[in-house]
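Chemist: Using the hints, position chain B against chain A.
Number of protein chains: 2
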Amino acid sequence: MEESWVNSAERIGADLHLELSGPGGRRAALIRALRDAVRGGRLAPGTRLPPYRSLAADLGVARNTVADAYAELVAEGWLTARQGSGTRVADRMEPLRHAVHRPAEAPPRARGTRHDLRQGTPAASSFPRTAWLASYRRALQQAPSEVFGPGDPAGRRELREALTEYLARARGVRTEPDRIVICSGFAHALRLLFGQGGGGVLRGPLAVEAYGLGFHRELLAAAGVRTVPLPLDEDGARVDLLGRERGVLLTPAHQFPTGGPLHASRRSAVIDWARARDTVVLEDDYDGEFRYDRRPVGALQGLDPERVIHLGSVSKSLSPALRLGWMVLPQRYVGDVLAAKGDREAWASVPDQLGLADFIVSGGYDRHVRRMRQRYRARRDRLVAALAEHAPHVAVTGSGALTGVAVAGVSVTGVSVTGVSVTGVAAGLHAVLRLPPGTERATVEAAVRQGIALDGLAGFRHPETDMEAPDGLVVGYATPPEHAYGAALDALCGVLP
Amino acid sequence: MEESWVNSAERIGADLHLELSGPGGRRAALIRALRDAVRGGRLAPGTRLPPYRSLAADLGVARNTVADAYAELVAEGWLTARQGSGTRVADRMEPLRHAVHRPAEAPPRARGTRHDLRQGTPAASSFPRTAWLASYRRALQQAPSEVFGPGDPAGRRELREALTEYLARARGVRTEPDRIVICSGFAHALRLLFGQGGGGVLRGPLAVEAYGLGFHRELLAAAGVRTVPLPLDEDGARVDLLGRERGVLLTPAHQFPTGGPLHASRRSAVIDWARARDTVVLEDDYDGEFRYDRRPVGALQGLDPERVIHLGSVSKSLSPALRLGWMVLPQRYVGDVLAAKGDREAWASVPDQLGLADFIVSGGYDRHVRRMRQRYRARRDRLVAALAEHAPHVAVTGSGALTGVAVAGVSVTGVSVTGVSVTGVAAGLHAVLRLPPGTERATVEAAVRQGIALDGLAGFRHPETDMEAPDGLVVGYATPPEHAYGAALDALCGVLP
Chain A
1 MEESWVNSAE RIGADLHLEL SGPGGRRAAL IRALRDAVRG GRLAPGTRLP PYRSLAADLG
61 VARNTVADAY AELVAEGWLT ARQGSGTRVA DRMEPLRHAV HRPAEAPPRA RGTRHDLRQG
121 TPAASSFPRT AWLASYRRAL QQAPSEVFGP GDPAGRRELR EALTEYLARA RGVRTEPDRI
181 VICSGFAHAL RLLFGQGGGG VLRGPLAVEA YGLGFHRELL AAAGVRTVPL PLDEDGARVD
241 LLGRERGVLL TPAHQFPTGG PLHASRRSAV IDWARARDTV VLEDDYDGEF RYDRRPVGAL
301 QGLDPERVIH LGSVSKSLSP ALRLGWMVLP QRYVGDVLAA KGDREAWASV PDQLGLADFI
361 VSGGYDRHVR RMRQRYRARR DRLVAALAEH APHVAVTGSG ALTGVAVAGV SVTGVSVTGV
421 SVTGVAAGLH AVLRLPPGTE RATVEAAVRQ GIALDGLAGF RHPETDMEAP DGLVVGYATP
481 PEHAYGAALD ALCGVLP
Chain B
1 MEESWVNSAE RIGADLHLEL SGPGGRRAAL IRALRDAVRG GRLAPGTRLP PYRSLAADLG
61 VARNTVADAY AELVAEGWLT ARQGSGTRVA DRMEPLRHAV HRPAEAPPRA RGTRHDLRQG
121 TPAASSFPRT AWLASYRRAL QQAPSEVFGP GDPAGRRELR EALTEYLARA RGVRTEPDRI
181 VICSGFAHAL RLLFGQGGGG VLRGPLAVEA YGLGFHRELL AAAGVRTVPL PLDEDGARVD
241 LLGRERGVLL TPAHQFPTGG PLHASRRSAV IDWARARDTV VLEDDYDGEF RYDRRPVGAL
301 QGLDPERVIH LGSVSKSLSP ALRLGWMVLP QRYVGDVLAA KGDREAWASV PDQLGLADFI
361 VSGGYDRHVR RMRQRYRARR DRLVAALAEH APHVAVTGSG ALTGVAVAGV SVTGVSVTGV
421 SVTGVAAGLH AVLRLPPGTE RATVEAAVRQ GIALDGLAGF RHPETDMEAP DGLVVGYATP
481 PEHAYGAALD ALCGVLP
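So the sequence lines, in the order shown, correspond to chains A and B.
Using the numbering used here, the first residue of the first sequence is number 1, and each one after it goes up by one.
Using the numbering used here, the first residue of the second sequence is number 1, and each one after it goes up by one.
Here chain A is said to cover these stretches of chain B; the calculated rule only asks that three of the stretch's residues, wherever they fall, bring their Cβ under 8 Å from a Cβ of chain A:
1) 64-77
2) 125-134
3) 267-275
4) 312-326
Have a look at the derived ranges for each label pair, beta carbon to beta carbon:
5) Ala458/B <-> Arg371/A: 55 to 63 Å
6) Arg63/A <-> Glu482/B: 41 to 49 Å
7) Arg371/B <-> Gly459/A: 51 to 59 Å
8) Gly438/B <-> Gly60/A: 56 to 64 Å
9) Ala81/B <-> Gly459/A: 35 to 43 Å
Calculated from the structure, these hints are not laboratory results.
The structure displayed is predicted, hence computed values, not measured ones.
Backbone N, C-alpha and C fix where the C-beta goes; we use that ideal spot for every residue, glycine too.
Isolated chain A, as found in the complex (with noise of 0.2 Å):
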């Protein structure tokens, strides 16, 4: 092929197919032939390239041209010219080695799984795309031409005042428009806010709940955080046992993933708790729309707006896909998180955050709340219901079936544990199914080995807590698609002991 080369130009376009063809003109069409020749290896490194007029004529262009291929070629490194040794593919081309296949589109989480009953996420297929639509579109044609330029750190103001109504009157948030922060969700507001290595807005010790995420812990860890587990009863988070932590984490509407509220006075004695220490509390507010059966629990930071940091998103009651969370914050922290954020680190997409403020004053995000939240509450039924028709014994717990108040899900009275209960029902996309000591493990392993893709509690369980470990599956059922849905429920029901 090499000799070819030297000795037969006019066999070029033929050997190398160099098609001419494409936009930018004859010049750019040849280098870029060249270009794929030397990329696929039909052109080997060393081989020496005709001559200028022996190419020019085989593909009927001018001499210029060529030369000017070559050139651009030679600037970009794939050839090289040497005087009396002509113009050769630079030996420097190494071919491109391929990467090892990544499975293309299928979710991590959902690969190899008939029923995904993770908790978590909302339902993907319930998306409201022609409202969004209308909104993101709406809202682009109206802006000025300046949100395309650089943004403002704390985000869009439109935003910002749209969030400030929505979260008073849907939470009970007291705050203003220039002591929110858009991010791109929790874990973005947990870097904010506690930085690298100790140079955060905040720092540790930090108490958080004995059960969490332990994504969260992760990420407070890697940024030199320590955490401190406070255990959980009937009540909530034990806040009485915040001592000289600097700040608390917590789910107050509905503690994850066991599932109950904090108890009112919990919520006050934390309070009072900040107060007295002069540390913070963070408020993470995963799921408060979501609330079935009970009145909604407000948020906590509306007790002491310079108390609370207030954390939000839309990953649970829109879409994870649009990485859109908000910080609210007590006055003091503003200066420090906008400049943690930068000028430049504005993340969170400015069309999305228009669209997003267009959904919340048009009223489209009340209707899809409210529309998720029947359709949540009707899952949330059909799991108890399966629940109850596969074992009898089954007891959802709660001072009154469903209507109730429901309990805390790690310390259970009054119920068998004998038997399977189910607590933390009257929120959220998720529910915890207690199951009898020693169980947990064997049951996951089993709902595995029938592709059921459910996390035990085990998981969620802080390496340094000393309260008793209760044994439990933590079921989301908002994942599956609707036809999905009751099949995943029989297979769940198959493998509970």
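Modeler: Chain B only, in chain A's frame:
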């Protein structure tokens, strides 16, 4: 006021303007009304509330409605209920301290300026709203439901496939979709690569160009990465001075901010260094699409995809508001970068990713880039013409006025350095105006007094470099709106020495 509450329950409605309107029934309305009254300070801490029956009669609602409302507000901590003392407004309700007012929508960079000639952002008014909306709508309507669920940390495959084709065609990048990771932009890419406090995929020390974006140096310093400055000359960064650094960060297509491309021999040399030392080259291809007079310079990555990490984004080509960028990775880094990203840190909006994929595949992106290239070239030409008219001694560097190869602006040969010269004008969204020695600071200050926002070269200088410090202005010509560009140029000429 407090007494009136205790003694004259019938005056509550009038005194407190309790309006039982809005969504959610009378109980919800009463809760809202009472909460607002506490929040707004009309109900002071400690105030005793009237008995259920009094308020019920006054408002014409059932007694249970009032009881429920009180109970809810007690649960939320707004009210307290004690035996014998009745229901009172909780002591701990703090009034909201109002934020210091921040100017609403003025972008931080433009505050107090009449002419924004800073580098770094594209023309915001040129965002292709209609074409983008068409792509966004088409993408969202056609997308499968799973796009609204948890995402692939690598980013949507649709976008990675579109980028593979586009970057090969437009930038000579050799890759495949499984080696591309979508991120929020260059800063996010640096964070993913260098992690926090040395725990990243890559480690320092990292060689950088002696002139560059201070923001990038700060970000690396915050990640615990030491940067070592490489001097610049007319062929770009002195990569022959590379030694024991573990990597090098370059802007090969268009040195930022001085303006020239990295010479072909240096392109080869830096790849050789990376191979010999088993290190990596980070290619910041921040404005590779905008080249006006000479042939486009292909990406360095094409020389050796296993040694170069190619980083790009839409921040200059489309808008920084979208927060969309990409990393093209050597095979050996793909797993570590995805692990650093994690399942939950997908940052870039999935709908926007799908919109961009459609925008590229449908040809909208190419059309936009072509249009903007013409527009920026016209602006560049107007800048040069204005300078030539203002000061006939102005020299435009390069081997042949505007049509030749622009040399790096920091070491100009053959041009009088006692006057003003324009360099780095063959590409990009900014030019460098070389100034007579010792005049930069006074010129920048004069510009500020005239309401012109621009940067001097000094602000881009690595604090540890010992290369000569030329005087110059970095003039961005993309930002001013079309109608104001002429006035901006006049103002600029007016402050030149």
